[in-house]
Amino acid sequence: MYNGGKIIIGLIIFVGLIALPFVFSGKGASAKPEPKLDTPEILKLPETERKCVESKEYMKREHMKLLNEWRDWVVRDGLTIYTSSSGKQYTMSLQNTCMKCHSNKTKFCDECHNYTAVKPYCWDCHIKPKEKEL
Amino acid sequence: MDRREFIKIAGISSIFGLGGLTAFGTLKGKLEASQTGPSQNPQALKAKRWALVIDTTKFKTEEDFKRCIDACHKAHNVPHITDNIKHEIKWMWTDTYEHVFPGVEDEYLAEKVKEMPMLVLCNHCDNPACVRVCPTKATFKRKSDGIVMMDMHRCIGCRFCMAACPYGARSFNYKDPRPYMKEEDMNPEFPTRMKGVVEKCTFCYERLAKGLMPACVEASNGALIFGDLEDPNSEVRKILSERHSYRRRPELGTRPSVYYLF
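In the order they appear, the protein sequences are chains R and P. Under my numbering, the residues of the first sequence are numbered 1 to 134, in order. Under my numbering, the residues of the second sequence are numbered 1001 to 1262, in order.
For reference, chain R alone in the conformation it holds in the complex (with noise of 0.2 Å):
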């Protein structure tokens, strides 16, 4: 091979400059997002209450849109009762009734929403909660 180390020495650092990304990016990227529930407002209540207005699936799956029939319920037709599938009835407000439960923002949205790169205008004017150090 003509001019081998060269070639060699070039391909090293060709690698080198392609594989960056993946080291600069490293695990947070890939590290799986984990919301936390351990807010001092959840631990608070006895066990068998720590639930969300649906389930566990259906909040994963649905809350977004969850979030936008909410919306144009109190807004728009002026409901603000919530009436959920267990029976339990609540008051539909982000700021009143999902962020007093959920109170870590930070842990609990951002976690997947970074992770999804989607980005929410919910903030911009709803107020977030004050975090408290656990």
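It is worth saying that the hints were derived from the structure and are not from the lab. Wrong hints could be hidden among the right ones.
Quick list of in silico lysine-lysine cross-link-like pairs, BS3-like style, CA-CA up to 27 Å [unchecked claim]: (1) LYS1112/P x LYS1210/P; (2) LYS119/R x LYS1175/P; (3) LYS1182/P x LYS119/R; (4) LYS1074/P x LYS100/R; (5) LYS65/R x LYS1195/P; (6) LYS88/R x LYS60/R.
We have chain R; now place chain P onto it with these hints.
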């Protein structure tokens, strides 16, 4: 059974069948509605058309106005922007008599009326010009109670509504309003707005839904009267039938729901 009889029976039974289906459908719908989904708070204050009566004779000092305005602006996180008057956000404010009632000013008008500030806010018109021009239906008149509402999620900031409103009741957020609010003064139960949306008074829809009177009415010590304009027994109707009142610029046909008593 002859053919005639068969057709009769078939016809009657199909009518019953169809009727039964629709009855079943509505029943099912009602049952489902009562089980899950949205409903109105039973404590909510209800009206066919909300109206506000402003008794101008009861506003005597600057403090009387300030109390109402501050209550409103605090409840709704309205920023206090003073560095550029064009960027000001107002839900409730005061103006001079000749600005509030243009065309009826007179050089021989009682001095005290001429110089008296008037409390102004969105008129929640029965025929709102702003709603007609909104391209996204971000501003709309609620069918249930006549409140002219804003849906901030839909507002694209085109400002047609501001051009249409003859009362100047709307403010545009030229900048992010958050830096103009102190965190400790904010009402954590109500959102703020963002840069690029139009805002105005909403007759405290969020308080009415909880069974509370609007913040300004509560703070006014009886100078503001709030009630159902379409209920002949309501307090507003009683006071309107007893005393002479004005609405702002009635010639425009917007039919405001805010009345002024003198």
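Right, here's what the structure says about each hint:
A threshold of 27 Å between alpha carbons decides the hint, and for LYS1112/P with LYS1210/P the separation of about 39 Å lies outside it, so the pair is violated. The hinted pair formed by LYS119/R and LYS1175/P meets the criterion: a straight-line CA distance of about 21 Å does not exceed 27 Å. Taking the CA atoms of LYS1182/P and LYS119/R, the gap is about 26 Å. The hint holds against a cut of 27 Å. Between LYS1074/P and LYS100/R the alpha-carbon distance is near 21 Å, which keeps this suggested pair within the 27 Å criterion.
Between the alpha carbons of LYS65/R and LYS1195/P the distance comes to roughly 25 Å, so the proposed pair stays at or under 27 Å and holds. Simply put, LYS88/R and LYS60/R have alpha-carbon atoms about 19 Å apart, close enough for the 27 Å limit, and the pair holds.
Against the hints set out earlier in the document, a violation occurs for number 1 only.
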